[in-house]
Amino acid sequence: MPEPIPAAGYPFAGMLYTVTNFKDLAAPVGKSLSVVLGISIATIVPLLLMTFNQQSKLVARFLRSIDPRLGALSVLGVRLATWIALLLCMGEASLAVWVVLGNRLDATRAGLFDEVLLRHAHVDIGPFVEDPAHALPPHKVDKQQKTLRDLAQLATHRSNVTDIVRRPARAAVGFALEFVPVVGPLAYAYLEGERTAIEAHHRLFKLKNMSPDERAKWILARRNEYSQFGFVAAALETVPLLGTITKFTNAVGAALWAADMERRQATVRASRGIGGERHGKETGKSIPGRTGNKKPFTQ
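Each residue of the sequence shown is one higher than the one before, counting from 3 in this note's numbering.
What the hints contain is simulated information worked out from the structure, not anything from laboratory work.
Calculated lysine to aspartate or glutamate pairs in the EDC-like style (CA-CA distance at most 20 Å, straight line):
1) LYS148 <-> GLU196
2) LYS33 <-> ASP116
3) LYS208 <-> GLU132
4) LYS208 <-> ASP108
5) LYS25 <-> GLU117
6) LYS148 <-> ASP215
Make a model of the complete structure from these sequences and hints.
Next comes the structure, spelled out in structure tokens:
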């Protein structure tokens with residue numbers, strides 16, 4: 003069986019999958035995207051009218067402080083400071099949208115994740131089993147109890163009250179770092195990467211009925227992969243305007259990754275004689291997984 007692609011490749015796989023299956027995936031996100039587009043336009047126009055000139059001057063001053071030549075540098079006949087100020091306004095509009103509509107759009111992304119994982123990938127979502135290929139040595143578990151507690155907290159969906167505080171705080175950090183061209187967004191992606199990846203799999207953990215401890219051990223055993231996926235996904239989400247779309251394609255990529263992970267879990271369960279029936283946490287009823295023989299998303 004071909005090996006799944008590296009974790010860092012799944013955000014791009016999500017883009018490709020979305021393009022090639024656009025008709026099937028358009029319905030879950032079409033309404034939300036139209037709302038996002040409307041609010042983005044309603045936000046960016048006042049930003050351009052009221053803050054663009056000030057931001058352009060501020061960026062020019064910052065560039066000159068680095069190197070006087072940067073202040074006079076032009077790209078396609080337009081000053082670099084002007085381009086950066088325009089990108090900043092776009093980024094600010096995107097941040098405003100996700101602060102206001104974050105919970106609704108998160109629900110849309112969760113629906114998109116389910117659509118790809120359960121209907122398109124055709125995998126059985128079964129109970130969590132420890133994978134020998136990702137087994138944690140006992141001494142490593144003992145030494146990283148605090149890390150496990152932190153990961154368990156990250157891997158458990160927060161309440162709406164917490165989201166009200168957390169989302170604007172993260173948006174403020176991202177906004178501040180956007181003032182540093184290139185380096186700022188990459189720094190934000192590095193800081194937020196692991197959280198982004200873990201949150202992308204909240205739905206998988208819920209479908210598998212995993213306890214907080216199981217979620218933490220799952221992530222710790224695959225921490226490098228989650229860091230790789232998260233860095234790329236978070237970096238793509240910082241791109242002005244495109245970032246709004248990549249938040250959805252990243253959900254698709256996370257589902258493709260989850261499908262390949264779950265195929266591996268199914269192999270381990272089969273070797274131990276464990277069935278592949280998943281149990282619906284929301285309803286308390288068992289929901290049979292869908293059997294399929296699709297291959298992993300490979301290079």
